[in-house]
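Chains as they are written, first to last, in the numbering used here: chain F, 1 to 481; chain B, 1 to 295.
These are calculated hints, taken from the structure and not from any lab test.
You may find that some hints are simply not true.
[What the hints assert, rightly or not] Coverage of chain F stretches by chain B, computed from C-beta distances (three or more under 8 angstroms per stretch; other residues unrestricted):
(1) 136-144
(2) 284-294
(3) 444-456
In this text, a Cβ means the ideal position worked out from N, Cα and C, and glycines have one as well.
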Amino acid sequence: MKKQGRNVLAIILAAVMTTGLAACGGGNTNSTTAASTESKAAAAETSAQSGTTAAASAASNLPSNVKITLWTDQSISTDAWQAEFSRFAEQYKSQNYSLDIQAFAGSDRSTKMAAAISSNSLPDMGLYAWFTDTDWCHQGYVLDVSDITGKVKDQMYPSVYQETQLNGKSYMVPLWSNYWGMMYNADMLKSAGLEKYVPSDPNEVTVWTMDQFNEILKTVSASMSGNQYCLPLFAADNQADTTNLLFLTMNGGQLWKDGLSDAGTDSKVVSALDTMGGWVKSGYTNKDVVSKSNNDVPSDFTNKLACFSYGYYSNYKDYLKQMNSGSIGKFDIRIAAFPKTDNGKDTYQMANYVYGISAFDTKDTDRETVTKLFLNWLVNDKKAMTDLSMAISSIQSIATDKDVIAANPVFESYAKKIDQDHLNQFHGNVAGYVSTRAMLFPQLQAYFGGSATAQAALTTYMDQANKSIQNYIKNSVILNK
Amino acid sequence: MNNHKKRRITESLQAYAFLAPFIILGCMFMVYPIGKQFIQSFYNTKWGGKVVFVGLANYAEIFTNEIYIKAILNTLLFVIIAVPCIIILGLLIAGSIFDKNKHYVSTVRILLYIPTIVSMVVMSTIWRFMLNSQSGLVAYFAQIFHWKSADLLSSSTSAKIIIIIVLIIVNLGQCVLLYIAQMIGIDHNLIDACEVDGGNRWDLFRYILIPLSKPTTILVFITNTSLVLKVYIVIQLLTSGGPNYATTTMMYQLYQDAFVNFDTGVASAMGVLLFAMTLVLISARFLFTSKEERQ
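Using the sequences and the accompanying hints, generate a full structural model.
In structure tokens, the structure reads:
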């Protein structure tokens, strides 16, 4: 009996240990499982409670008790989005729809999406910049939403509508455009005696010729001391590499040609990189270009170590908010376009970040149905499109609305100065653009580190990028349908 | 006899019952993922969720792509330099202090072990602040001593040296801890005999401490080889694999393929190679053990 008792105790102890360890393991899987179980239970309970639900949903042929998810790397107001979703869900009250929002840093986007793809747990919607979406489109994870965008095509800016198309079909419902440009400390220009290059209207987008820009770099740099520098340049990683792409096209060069990279063969792109190198050698920029990331630039800008920074309208608004709240010291912050010459003629450019929602292929027809219902409602609801827009709405009537412009005076200047001719489609809508981002910064490091010439660095980048692009073209689910 | 056999079976069952949790969970979270990774390395899963058998194409990609070859060579370089440095420094430090005042030994142990227990993210961030060429500690000394450049992360050579230094600092503490524990346990008669025979500190170190610390050396070699092969966080936060792939390692490239390029097939192949490399390097310990020890 004693021995049997010991055996039983041993087995019980082993079982308890196994159960305890199994309960501790799993981490996120458990929480996801718990969440889905909870939602299913809630759905079942709701279904059981409302006796007319089944009849109503059967009559309407719409799914009931559906929760859809929205992932985003933007600093959106989740309250505002929930409020607008509630307005949508009100129309389908008996169906009981709800929205779960997850916001995270842009640097986490790839990792989260990769994990979601691997585990078949894609979100229903992703609110991202279009250029970050394209690889997923080619890989076949994004749904065609042409039926939604086609209905509002005439209301949208044509460039925005076309931007979010691949092979003639729409893969994103564009919500707003954010123009990527420069921001600068106008006080520093004035201190250096360059008031003439600062517009009197603080809401005017500043435009300089290339000669004027060079003069600003030289004069402001000469007026600086200690650790200060005028123009940030960075190549540590792919963060804000749009800035580098815009500088590389400042001599009128083309990065993309016939769907492939042309960076190494376009002499104007090569000369632009040499121009950037010249700025570094002349002391107009930070010395640590190779190891500097754009993540380090905002703190230099707000601490008045740098005269320039980069970003779009949302970043500009954030800086103003921080100044008003006292988080950062106040200074005269302005928006500027990147200077450019094109065949000897002075012009300027900004990059267009089109933000919108893509619907992902979750293989759940109920969720996909509700997702499309919501997107269809959203793009047709003026109030929602206005309230949720973080920059220039893709709907022309909203973008030019008097109240919107009154709340965002810079928009008037954007409308006057930034048209299709001054917007750089920096990604070329090439297949596999996101994958090529990992290839540019190492070659810029090679150039700024002195181990490669501009020609060699850009040729290596071009060859590596084209290998990836051609792989995408060969395997793209969209292009090979 | 029957009772004896029954007893043996019962005892075995008890042992397996206690081992069961580890075996079950080990299979679920270690054996299965390794096996799955091995199988996945022969497939391409990037396009439309389809799983396509590609044979050895993923391995061919690794051995023909310049970036992957650089990653493999960088990884081997870090192991070949960092691991011996950790062992040698660990031996020297432990050998210098093991027989000193116990409070002194404890203080040195704690100071050296702090980098080991600090999160790698925190460690890498602190190093990034120190190495900031505009406002970091290095920049400050560069100004005082009129150095030409304070940007240590912009040169391939200095970036590699920085990574190796960080790896040594992070792993040295544990090594010293193990060696001190080993050396404290050495029979004092041997140490006294060395003194009596006219041996100095170096003779003690060379003829007694090092040979008797061989088991610890093997353990330190295995653990540190594994740790250096898996280095990722310090690369991600300090250099992002640069400049120009100079500090890209196999684990860093594996992460890029799996989570940035969504190329799980190539990432799995890289993982299999890393696993094989770890096995080969760790199995090399047999070169340092005597035939009798192996038997």
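(request) Run the structure past the numbered hints and jot down the numbers of the failing ones, going up. (result) Of the numbered hints given earlier, the structure breaks none, since each of them holds.
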